[in-house]
Every structure is written in structure tokens, then in C-alpha cells.
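A.B. asks: What follows is each chain in one-letter form.
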Amino acid sequence: MIVGKQKPIDDIWEMISGYQKVLVFGCNTCVAVCHQGGNKEAEILASLLRMRATQEGAGIQIKNGGIERQCEHEFFESARDDIEWADAVLSLACGVGVQFIAGKYPAKVALPGLDTLFMGDVQAPGLLTEACQGCGKCILHLTAGICPISRCAKRIMNGPCGGSTKGKCEINKELDCAWQLILDRLEALGRLDEYERVIPVKDWSTERAGGPRKLVMDKEAS
Amino acid sequence: MSQAVQEANAMEAHTVEAPRPSPENWEPLILAFACHYCAFGAADLAGVMRLSYSPNVSVIRLPCTGKLDHSYILRAFERGVDGVFVAG
Amino acid sequence: MSAKTNSRLEKILVAGHKAVTSECGPPRGSNPSHIEEKANLIRNHVDAINITDNQTSVTRMCSLAVCIRLKLMGLEPVLQMVTRDRNRIALQSDILGAASYGISNILCLSGDHQSFGDCPTGQNVHDLDSMQLLQTVRLMCDEGKFLGGGDIEHPPKMFSGAAANPFADPYKIRVPRLAKKVACGAQFIQTQCIYNVDKFIDWMGKVCDRGLHEKVFILAGVTPLKSAGMARYMKNRVPGMDVPDEVVKRMAGVSKENQPQEGIDICVETIERLKEVKGVSGFHIMAIEWEEKVPEIVERAGLYPRPQVS
Amino acid sequence: MANKNVGAVMVVGGGIAGIGAALDLADSGYFVYLVEKSPGIGGTMAQLDKTFPTNDCAMCILSPKLVECGRHLNIELLTLSEVTSVTGSAGDFTVEVLKRARYIDPDKCIACGSCTEKCPRKADSEFDAGMGKRKAAYIKYAQTVPLKYVIDGSQCIYIQKGRCKACEKFCPTGAINFEDKDETLTFHVGSVILAPGFSTFDPKPFDFFGYGRIPDLVTSLEYERLLSANGPCMGHLVRPSDHREPKKIAWIQCVGSRSTNRCNNTYCSSVCCMYALKQALVTSEHLTGGNAELSIFYMDMRSHGKEFERVYETAKQKGVRFVRARPHTILPGRSDLGLSMVYATEQGEQINESFDMAILSVGLEAPPDAQNICKMLGIEQNKFRFVKTSCLDPVKTSREGIYATGVITGPKDIPQAVVESSAAAAQSARSLADVRGTLAKKKQYPPELDVLGQDPRIGVFVCSCGINIAGTVDVKAVTEYAKTLPGVVFAENNLFTCSTDTQKLISQIIRENNLNRVVIAACTPRTHEPMFQDTLKESGLNGYLVEMANIRNQNSWVHQSEPQKATAKAKKQVAMAVAQVAGSRPLANITVEVVPRALVVGGGLAGLVTSLTLADQGFETVLVEKEQKLGGNALHINTTWQGEPVGGFLADLIKKVENHPKISVSKQTSILSATGSVGHFSTSISVNGQSSSVDHGIAVFATGGQESRPEEYLYGQDSRVHTHLEFDALLAGGDAVDKAQSFAFIQCVGSREPQRPYCSRVCCTHTVKGAIAVRKKNPDSSVFVFYRDIRTYGEREDLYTEARNLGVIFVRYSLDSKPQVFVEDGALYIKAMDHVLQMPIQLEVDHLVLAAAIVPRQENQGLVDLYKCGLNADGFLNEAHPKLRPVDMSVEGLFIAGLCHYPKPVEESIAQAQAAASRAAVVLSKKTLMLSGKISKHNRDICMSCLACFRACPYGSPFIDKDGRVSHNEVKCTGCGICAGVCPAKAFQVENYRDDQILAMVDSYTKDLWENAPAR
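Going line by line, the protein sequences match chains A, B, C and D.
Just so we're aligned, residue 39 is where the first sequence starts under my numbering, counting upward by one.
Just so we're aligned, residue 8 is where the second sequence starts under my numbering, counting upward by one.
Just so we're aligned, residue 33 is where the third sequence starts under my numbering, counting upward by one.
Just so we're aligned, residue 32 is where the fourth sequence starts under my numbering, counting upward by one.
Please note that a few of the clues may not be correct.
[Said to hold, decoys possible] Computed spacing ranges between beta-carbons, pair by pair:
1) C:LYS281 <-> D:GLN378: 39 to 47 Å
2) C:LYS231 <-> D:GLN786: 29 to 37 Å
3) A:GLU212 <-> D:ASP1027: 38 to 46 Å
4) A:GLY56 <-> C:ASN63: 48 to 56 Å
5) B:PRO28 <-> A:GLY56: 26 to 34 Å
6) C:ILE320 <-> D:GLN786: 45 to 53 Å
7) A:GLU212 <-> C:LYS231: 26 to 34 Å
8) D:SER722 <-> A:LYS142: 55 to 63 Å
9) A:LYS142 <-> C:THR88: 43 to 51 Å
[What the hints assert, rightly or not] Below, in silico cross-link-like pairs of lysine to any residue (SDA-like), each with a Cα-Cα straight-line distance of 25 Å or less:
10) D:LYS1017 <-> B:ASN63
11) D:LYS507 <-> B:ALA94
12) A:LYS211 <-> C:PRO276
[To be verified] Output of the computed footprint for chain B on chain D, the stretches with three or more beta carbons under 8 Å from beta carbons of chain B:
13) 573 to 586
14) 591 to 597
15) 1020 to 1026
16) 1034 to 1043
It is worth saying that the hints were derived from the structure and are not from the lab.
Built from N, CA and C at the ideal position, the CB exists for glycine as well.
Based on the sequences and whatever the hints tell you, model everything.
C.D. replies: Shown next, in the form of C-alpha cells:
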């Protein structure tokens, strides 16, 4: 799922200054699960901003709203009036949602309320960790199901590098060395011999190197 | 207190005004949220013991303070209470 | 076995001599005189000189330029290349450029993470990793092909090397990892500096058990300690470094002014011991900012004079 | 059967033990008379400040039980009452009870406190253990049940001297009745449970201590009152002499216990070590500045219960000083401030040390009046004056049909008393199984009106509570204001809204005005909401359509000096309640059909006893055992500590279980999976590889524990080194013991060690029992015991005394200098430091017995995974609450018995097993379970299955459904609303605490501010 973190309120305040009617707009899927950008967080943020507006005597009207997902046209139907009312929409979705609004409503200003971080998992309540960078060509079958591209600081495909110490990465002692994890898992699976298989030079064209990506469903299907 | 509440509080910390002198004879208005099982009972007991405190606080009973929602606190502040007391 | 390149290092190794290499770090500016001086200090005592590539991610004069300078001075450089800063196009193009100046030795590394250097906010590339770079070098030299598949008009001839650390954990993959590098085309290996000789010997034994010493020349890395403080730092702070307590104790056991000499003594003794170890084909002496002591070490270790090859 | 059984039980004693028995029985189909000699129930526990080992506030955990007792349809409280005679026989007793005059009519008393306020006569408060004062007209304590005042005739000026009557003058309801007389009442009951509790040892005869002359020397119970928030210092600890905070405090253990000096209490009181540790820890929290110097003078530290050893360790870490000494003299300090104490150190040095204050950790005794009852009933007492019981039937007295629980059968802590009270309930119910439900009452209501979809028609009833509210709050103004509130169609003021008359009136008004919601502005919903809910139900309205505005406890009583502001606040409180109730919906209670079958896991002693106790009550029971044979650890135990042989008892028990028509025994059985919740579990089991499924309403886990295999002292390497059970086998047969000369026991082998930081509880008693047996069998032998603290708690102390009298030599060691065991020239030696000689000693022994730790079984983790119950850090299954729910598990419908809970001896396992049967019967005796409708409702349409609720819910009610999304099992929901708090989609709402209702209350509270605020 996509993980984001709400921007500091000072940054958001600065961003919305100068607009008259601001809609704080939640996205109730990925970023709601990480308690950062759902409709509930939109309600909280709107309330905080309103109080700030009152305190600073700023003439900004602030409302909150939200939909299920800000990356699909159909969901916007229920928020039509809210968006109509606003001159700026502070989207609490990931970067996808913000851009979707910008593209969908040419007359509205779309503002990002979140810093989009990564695609991750929920390791424990309140602990989300990065696990995939969408490189477009999965090699997990070669690496014991642990992705060195997203989880190794150097994205090394034939690791570990010399910075791996006691199973931890040199850049952060808290961070597991992805290659250590791969080795441990290979060993646990009784497949340590596979370690000696060299992973060849990677085709990065399916990642950002190939430009913005697109999936056209019917073509894929045919 | 849930992590979200703590974060909300942390967010509020950014917006705290510089302390201002309060007007003379000013009394804050306070809203309390109390757990039915402990703090609400404690407030009852305070009555039985005839303790005395200022009447500027009223209690909303919750089944547990875990039931507390951000919106309760924020709505109270937005509408002008000066303090929210969560007890449980 | 006979040498396939013009590399003096390769020729010495193939001839069965114990090779001696050392290394110099390029300057943090555009004046080359200092590194030239350093190289001149050791020119008669070593067979080749590694030129580091923005080591520890600190920006320096580029390794290739310094290698060219050394080559023009009649010295034998080893071009260190890390995969951190350049993608496969730049790496391949640098290899061609090096070959054009007759640089015949290349050491393929992944490089320290940029967060340790002077540009911690920079992006890293790692389009290839060290093994993939080794494969690339071999592809270019042996098959005359670019990674993209095209033919190289005049393929370079490179003696390709890699680093190995016999001490890092997990220990159990140390030999397999070496095997993997050999499989990728490593022709020589320069190891991490050795203080724990017993452990190195154990590793070397396992390398020999797999016959790897017959497929690759292994140069044992040594670094003279300047002080007890340095010994402790290396022990505690440098990942993958194994400095036994006896070494630290021995350094700390002599007065401060005598510590540099003690460090050199240890280094010389280490070389003496390693000379007898099966599979050790030479020594890589990394005297960090202490190049002037390399001749003394080489001489006292009985590795001087250096053999001449043509 | 000669005479017909009676389906009622009399419980004598309203302390926690009596309350526990009464509630179990009343909840499972019996009518209970609860007789209490003081004016209110609660017993000693109510007087305690905190309880070990969790340091929970005693009153906080006790008070819900008191309220439950007071309100129970099937419990009749007889306070100020004493049993005077019991005739008849088991199944049909006739009991005479002397009920003393209260002088205040409880039906009229509204607990306003005017009588106390006006009463001029002060007396020592019994509840405050004499540390505080009360009036002649008083209540026992603020939370007392029944919440009815009483006049102490022996103190009342009018009763004694014929004038005063101040209370009568000011009582707003005319409840004072000086004509009240003692009366004798007669009851018919099927059984009697004695729970008269204990008295604390009176240290006055110890003139060398000067208790009574030294103001700052108090007993532990007095000290509890000083610490307690509802005590005389209101929780701010000061010493009696100068009311200053003491800094240097000492506790003296074993005062009136383990002693024959001017008392005859050779037993250990079992609880004093722990309460001293608790008091020391609580004291260190109380004292400001954090420079407290706390010392405990003790002989052996006995922290033998679950999690107790950790409390001891915490106390050590927090700097409490432990001195192994028994002070022999206490002298007053200068100007009677503080005191000084003389004691001898272990090295024999005499020390004279001054303290600001000292606490005598007084022991527990059988109270004289309880002893009288025993005599009157013809019940046998033991030599310590406690009721005599057998380890194999620990709550049965010598008279059939009369059971005993709590300290009256021997010193014990609260959990053990609570366990026994359930055990006594079980044994009562077992003997009265045929008359269950014959006398229990059930309430009937008229059919409920359908108000769904109607606009709110709210009635507001504002209570004056005599002058309690009206004296401060302008109730007329509040009533008029209420009429202006949206949705309110009726408002009136009553003198006492809670009076029986007013209930009838409210009912009438509801019907006449077609009210569909009600607000009561009066006292607290915590005591009165159920009553008003009942009134609504009797009026044909759903009980959940009433809300209370607490304008007494949380207004008039605390704002007496500011009547205007109090009135303004009362208006707000009423407006908030109106706003809330307007959104309230009629709620249906959830009903769960109960599968009338029990699953008992584990066929050891505990499992066997539970099964038989359930089956004898008529409940079908499935007993599963993983081994081929029933009996468990008990198969290897020779006798109980009292010497009763276990073998025959066990064989008989197994025979009864295997032949019981209601029990199906399944051996070589393991549990595969489990689903469901209280009332309807379904567990699939594998019997010899064949799997099948059992539906059951409850489950009892009695999976046992085991003696560990020591890893030290040459165990397993030398055949002369044995564990307890191995040595028991040697003792039981052959001549190995007769032939040997020298024996040694080492205690705490694998217990109280960093890696296993608990005491195994049974080993000290086991060792002294073994040592005595050796000395008796082979009087020429020498026997040594190497120990850290001897923990022969309770009456087991007698064995310790006997062992020493028989010449067993006890050598203490500490964890950092454990004995060394080695073999030299084939001989087995032990080397240790002798604490008396202060010298190393070395012995050659023929047999070495290791008191190996009792450890939990690995299988417990499997149960935890399947049933979502809990384990403690040591791997034992966890009870729902260590104090008051020692048999229930955190998951409703699951119960626990025996060693799987914690190491314990036979008698405690049997009591817990019987108790589990009692707790299980509360569920199994019902056809359906009624669960509150005020629970969290899940809207699946907007739920995104983020699992926040699933992870946060303490009861496991949200679950991942078959379709992979979150669903909600409302049966498990308690309505706490944590799910609603964490849900990012707001898919959970607690009925009648919905967000829209709470926000409506917030809006109502801030209405004036919002409307008068400057334009935004």
C-alpha cells in the first residue's frame, strides 16, 4: 500500500495562505490505513486549520471532505459540491491523488497535504516499512522473496557489500542488511547454494528510467 | 491515548499561541471526558466526600477513554472551550 | 598460464613472483603535484599503484585522470572504479578511455554509500554492482562487446580485479562470495587489511580447498597502524574490520612516540607470516597517507628489489 | 430423599469471600441470603488502599462487586445481622438471624448525608481502624452497599440519654426511626457458607513494642487507612504524632505470626510479606522528594504467589532495605515523635536505630465471634482455631451442608479466598442441584412500544434530592429551562426522583404524554441508571432511552459555595443529556443460546475435580487428556501436607469420572482448532488421530505443569541426586532411605533465578515434609536443607517447626553463593557457607534432593493461539484479574484450574478446580445469555479492513471474516469503544455513545460561546 506522512502544519498553512475557500480532502484508502490522509485525518486537519485561521484572523474558509479514492473518476461524484465550492483543494491523498485532481479540475488549485513516502507494509500497528519500488521487473524469485532493490541502500543485486556488519546496513545500525536477510532465508530454505548464482545486469527500462509508465489493460489481455 | 491523538497533539503544538495575559476575572471553560468506570466514578466520589472545585467544568461520560475521538476535542476547542480534560 | 594483457602486475603474478601493490588517494583539488610525489616515493618498491575512486564518497580528482598521469610518468596504475557514481554508459566509456592510455589494471568495486561522504544528499546510481561491472569488463575485453550488444571496434585489454573481505560476516559466505567474483571474471583479488592472520589463514585454506587460488591471484591486504588509537578505531568503527585485541594491546603497550614503529613492525611480521601461506600471490600495502613508509616495509619484508618483467 | 432440598443458600459474612460465593450462586439459579454483621458489605478488602501484586486500588476493583451484590434480584442483604442458630440438616436448614436495629428506614433513606452532618456525636471509625472519626449517624464508607445510613445506638445521644434528635429534624425523608428494634428472622436454606473473615492480631500484649503508647507505631491495617485516598489523611501520608510526612519507615514482620511469645500463633499468616512489600512500594510513591528510607525487618521473605517474586525484586531495585532480624524492643522517640528500635544483626551485633514511623505487620486470626459461630454450629476447629478442613475437600466443614471459605479456614490472600468462595458455591450447588432455579426470581416486563422513526418526545425529571440538590441548584429554574430545549415536551421537578412513588409517577407521565425519551437530572448513573432503565421498561419503553444528568455528585455537592454558577452548570448538564438522549435508539439486548456442555482440557487432579463437580450438578462434560491415563502429576504424590494419602482419593476420583453418565472421557486427545465465544464454542479434537468436533458453552483449562529437570548440582550425572518426585518414590518403597546416613535438600533449584524469576510455591513444604519423613523413618540419619527463604506459608509453618524440632538442619544460602556439589573418590559432597557459623561447611551426603522448579507445559502456547487467552512471562496461563477473577480467563467463558495457572499444592488445585466448576455453572445454568445492547456497531459498507480495530480490541470482537474482510462479533463486544476511537473510517459507533451524540453534547455545552462569539 502507498504510505505517506502529513506535512507539518506550518508548511500546509503557508501553502493555503492566499486562498479563500480551502477544501481539506481525504482519500480513504491507502493513506487512511496509515492514519495520515483519510477522511478522519481531513476532519482533524481542517479543524486545526480553522482554529489557526481564527487565531491569526485570516479570512480563509476551511471545510473538510473526502472520498474513497482520489485516483478514480467515479468516486469524485459525491464530492462534486465540495470541490465546486473550493478554490483550492488540499488533497491528503498520495501524489497520485493530487495530480488526479489537478488534471480533473483545471480551474481548481490542487495542493499536496501529504509527503508521499513509499509502497510499504504494516509490520506492526504504527510501523510501516518500504518493500517495493515498482521497478517493473520483479527478481524476488532470485532473492529468496526479499527485494534488494527496495531494501538495500545501494540496490545491489549481488550483495552484500562490504558495509554489511552483523547483519545490519552500514548507513543505519537499525536497518537490516537486505542481503543478510536473503542469505538467512536461503539458508533456512536449504537453498544457500543458490547464492552463487550471479544476478545479471538489470533492465531498468521498466522502472522510472523508462519514463512515466502506463498499463493498458485490454492490450495486455490480448 | 492513541498514537493518532498524540500526533494530533503534536500537530497542535505547532499552532500554540504565545502565552497571553488572561483578562481579569477570566475563568476558563473546561470540558471533561471521563471513563465511566474510573474517572467518572472518581468525580462521583468527590461529590460524596463534598470536595469543592470550580463549576466551570462539566463531564461527558464515555464507556472508556479509548472511545475518545479527535473530533470531540477539536470540536470543543473550535467552539471555544478553553481546556479539555480527558480522564480515565 | 601466460599474461594476456600488457599489465606488469599480471606478468609478475603469472611469472610466479609475489606481487606488491600499494594505493594512493587523489587530491581534493586540481593540483596533481602531491599525488605525483606520493607515487614517486614508492615507484621502485611496488609493482602497481591503485588509484582510489572518490573513496569514502568524498569528492576528489577523478581516478581515471590520475591513472593517466601515472601512466605518463611510466608507472603502473590500477584504476579503481566504483559503481556508485556512474551508470553503465559512463563506466564502459571510462574503460575505453583508460585502455586508450594503456591502463591495463582495473579494480571493480561498488563503493561506500554516499551518506558517509561530503554529499550525503546526493543520489547514487548503482546501475550495476561490482560483480556486474566485472562481468562487463570481461564482456568488453574477452568478447569485444558492449553491454548493449554492439561490437567494440578495438576491444580493451584489462587485467580485472575485485576486492574481498575474509573477515566480514556472515563468515560462511566469504568463500562463496569470492567464488562468485571469480565466476564474474575477477583475475586478481586485493583483500581487506589483515590483522587477524589466523582467521585469514583459515579463509585461505577454504579458498584453496575449492581450488580458487588457482583461478585468481590473491593479494593479501596490509595496513601499517600508526597508533593505538587507530587500532581501536579500526576495530570498533570500520565495518568488516577484524583487529584482534592482542594487536590493540601490543600497540598500546609501547609509548606514544614508538607506536608508529611498532605498527610497521607488526605489518612486516604479518607479511613475513603470510608469505608462507598457500594461495597468497602478493601483497597490497595500503599505507593510508603514509606512503613514505612503504619502501621500508617492502625492504624489511624481504620483497625488495622488485622483479623485472617484460 | 427424606426431605426436600431448598434452593436457597445462606452466606455468612459480607467480605470478598462471602460476596464471591453469593454472586456465583445467585448468578446460577439460587436465592442467596447474605448476612453481614456490620452496616455494610465489603469486609477488610474495602479498608485496603491497594492490593498486591498489581497495586490496583482495592476499592476500585471491589466496588463493582458490591454494587452487583446490592442490586441482585436473587441476593437479599441482611446487614447488622448475625446468625444465632442453625437447625435441620443438609438440604434443609432453618436459620435464625438476629437483625439489629438500624434506626434509619432503608426504604426511605436517600443517602443524602444530612443526618451525619447534623449529628453532634463523634466516635472512632471502625472502618478507619480507629485512625479516624465518624458520627453516631453514619455510613460505613462512601461506596458502601447498601448505601443507607445507620445510627450507632451505643453512641447516639438520644438513644443513650434521651435528647438530641438533630438527625430526625433534618432528615428530608423522615427516615429516622428511633423506635426501630432488633428482630429475629427465620430463613430456610439448603446450605450455609461461612465466610466470617478474620481479625488482625492485637499487638498490645507485646509490651516490649509499646504499641498503643508510641503514636507513630501502627498496625498494618491502620497504615492501610493512612495510605488510602478515602482514609483519614485522604491519601496524603502523614504520621500520627505530628502530622508530618515520615521519611524513614520500618516494617516489622511476623507480629503475632510464627510465634509463641504471648500468643499461640505458630502459623504463618501468609499475606504479611506481600502486603509489607506493597505498602513499601506504595509509600515510596506517596512520599514527596523521593528520599524515603524504607526498611523491612523479616525472617523469611514469603513472596510465593503468582507475580509476587517480581514485586520483591522491584522493591529491592527501588531501594527498600531488607533486614533479616526480629526487633526485640521498640522505644518512643524524643517528645513522642517517631521511635527507636533495637535489633540484632545476623552477625550478632546489637543495633539501635531510629525511625520516623514503624508498621507492625500483624498476623491474621480467627475472630472470636466466628469461633463462637463454629461452636454454635458444632463445626470442628483445628489447633489454630481456624475451621478444620481437609486438603482433599478444602471448603467442606465437619458438618454436612455447611461450607467455609476465606481466612476462617486458614490464613490466605484475596485470590485464594475468592477461589475458595467459588469452590464453596460449587459444593453448595452440587448438593442442591435438583432445586436449582426453584427459588430464584425473574422479572417480567410489558411488551415494548415501537418508537423507532418517531420524533423525540423527551421528558425531563429534575430531582431536588431533598435539599441535596435544591439546596444549591435552583431546580425550578433548571426545570423551566429544560422545557425550552429542543425535543422536550415535558419537564417537572421532584423532591426525590428515585423514590418508589416517583417511579410510579414517571411511568404514568410517560404513558400520558407519549414520551419516547427520558432525562433524569439527579445523581449518578453509576448507581441509579439501572433503576431508571427498569422504570422505562415497566412503562413499555426500551430501557436504553434514558440518560442521566449528574447534577448532585458532580454539581450541587461540589459547588455548594457557588449556587448561581451551579445552576448555570446544571442547565448545561441537562441540555447535554437532552442532546444525547435525542439521538438514542432503542437497543435490543443480544441473546446467545448456551450449549449446555463443558469442555475440560486436562485429566489431572484439577481437570478430574472440575469434571466431577460439573457433572454432579447435571452438566454434560467432555474431558480430554493427551496421555493414555488420567491422573497427571497427582499419580506421583504420596500425601498432602496434612498427611492425607492422595493415591486412594485419586483412584476413587478417576473411577467416578470414568463411570459418570454425564462425563465423556477422551484420552490421547489433542486440540486442533477452536471457534466461537462464550455460550457456543466449537472445538475440533483429534482422538488417536481421528478428528471430531465438540460444541461447548464453556471450557476449563487444567493442562497442568511439571517438575523441571534440573541442569545443575550433578543432576542426571550422579544417581544419588534426585528431584522431589523421584525421592518421594524412594521414600514410598524400598529401604534406600533406611540404609543411608546423610541427606540434603537444596531449595529453589531453577526457581527465583533470573531466567525463571518466580517461586515454585510448593517446594519448601515438600522439602520439610520429606525431611520429617526421613528423620522419622531413619532417626539416626542427618538431614540438611539448603534454602534461601523457607516459604512454608500458612499453617504449613507447623511442618517447618516440626522439622527443626526433629533436628533437621537448615542452612541458608544466597543466589550469589550457591552450594557446590561435587564427587570426590566416589563420595558426594556439598560445600556451602553457613550463615550461622559464618564459615564454609562441607558435608558428605548419601542422597541429595533438589527442589526442582515447577514449570508450565509447552502446550499452553497452543491454547493461547487457539482461544486468544493470555500467558504470563513465565508461560503460565493468565487469569482475567489476579485478585478478583482468579479462575476466569480474559476471554469470557474460559476458566482455569491447577498448575497451568501457577504452581500450587493439591488443596489449592482442588479448590480452584471446584471454583472453575462454579464459574462455569454461571454460564451453563442459563439457556440463553443476555448481553448488553450498548455495544459497538460495525458498518461494513464503509469499513476498509485496515485492521486498526482488530489490533486494538482487548476482547477480540473484530475478526477477519471468511471473505477476508473485517467483521464484528457483537457477542464478544463490551461496548468500550476503543474500536471506534481507532477506526480511520469511522465504521464503528458505540450505540448511544455515537459520535453524532457526543458531538451534539459538545455543541450543546458550547452553544452560548458559539452563538455569542465574534463573527468569523
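A.B. asks: Against this structure, judge whether each hint is valid.
C.D. replies: Tested hints:
Distance hint check for C:LYS281 and D:GLN378: the Cβ-Cβ separation is about 43 Å, which falls inside the suggested range of 39 to 47 Å. A hinted range of 29 to 37 Å for the beta carbons of C:LYS231 and D:GLN786 is consistent with their spacing of about 33 Å. Between A:GLU212 and D:ASP1027 the Cβ separation comes to about 44 Å, which falls inside the hinted range of 38 to 46 Å. Between A:GLY56 and C:ASN63 the C-beta distance comes to about 52 Å, which sits within the given range of 48 to 56 Å.
The beta-carbon spacing between B:PRO28 and A:GLY56, approximately 32 Å, falls within the hinted interval of 26 to 34 Å. Taking 45 to 53 Å as the suggested C-beta distance range, the pair C:ILE320 and D:GLN786 conforms, at roughly 46 Å. In this structure the hint that A:GLU212 and C:LYS231 lie 26 to 34 Å apart at CB holds, the actual value being about 28 Å. At roughly 57 Å, the beta carbons of D:SER722 and A:LYS142 sit within the given window of 55 to 63 Å.
Take A:LYS142 and C:THR88: their Cβ atoms lie about 49 Å apart, and the range 43 to 51 Å holds. As the CA atoms of D:LYS1017 and B:ASN63 are separated by approximately 31 Å, the hinted pair breaks the 25 Å bound. Of the pairs offered as hints, the one joining D:LYS507 and B:ALA94 is violated, with about 32 Å between alpha carbons and a cut-off of 25 Å exceeded. Taken as a hint, the A:LYS211 and C:PRO276 pair is honoured in the structure, with Cα atoms around 22 Å apart against an allowance of 25 Å.
Counting residues of the region 573 to 586 of chain D whose beta carbon lies closer than 8 Å to any beta carbon of chain B gives 5, which reaches the threshold of three, so the coverage claim holds. Only residues whose C-beta sits within less than 8 Å of a C-beta in chain B count toward coverage, and the region 591 to 597 of chain D has 5 of them, enough to reach three; the restraint holds. Chain B is given as covering the region 1020 to 1026 of chain D, and this holds because 3 residues of the stretch bring a CB closer than 8 Å to a CB of that chain, at least three being needed. With a threshold of 8 Å between beta carbons, the proposed coverage of the region 1034 to 1043 of chain D by chain B holds, since 5 of its residues qualify and at least three are required.
Hints 10 and 11, counting from the list given before, are not met by this structure.
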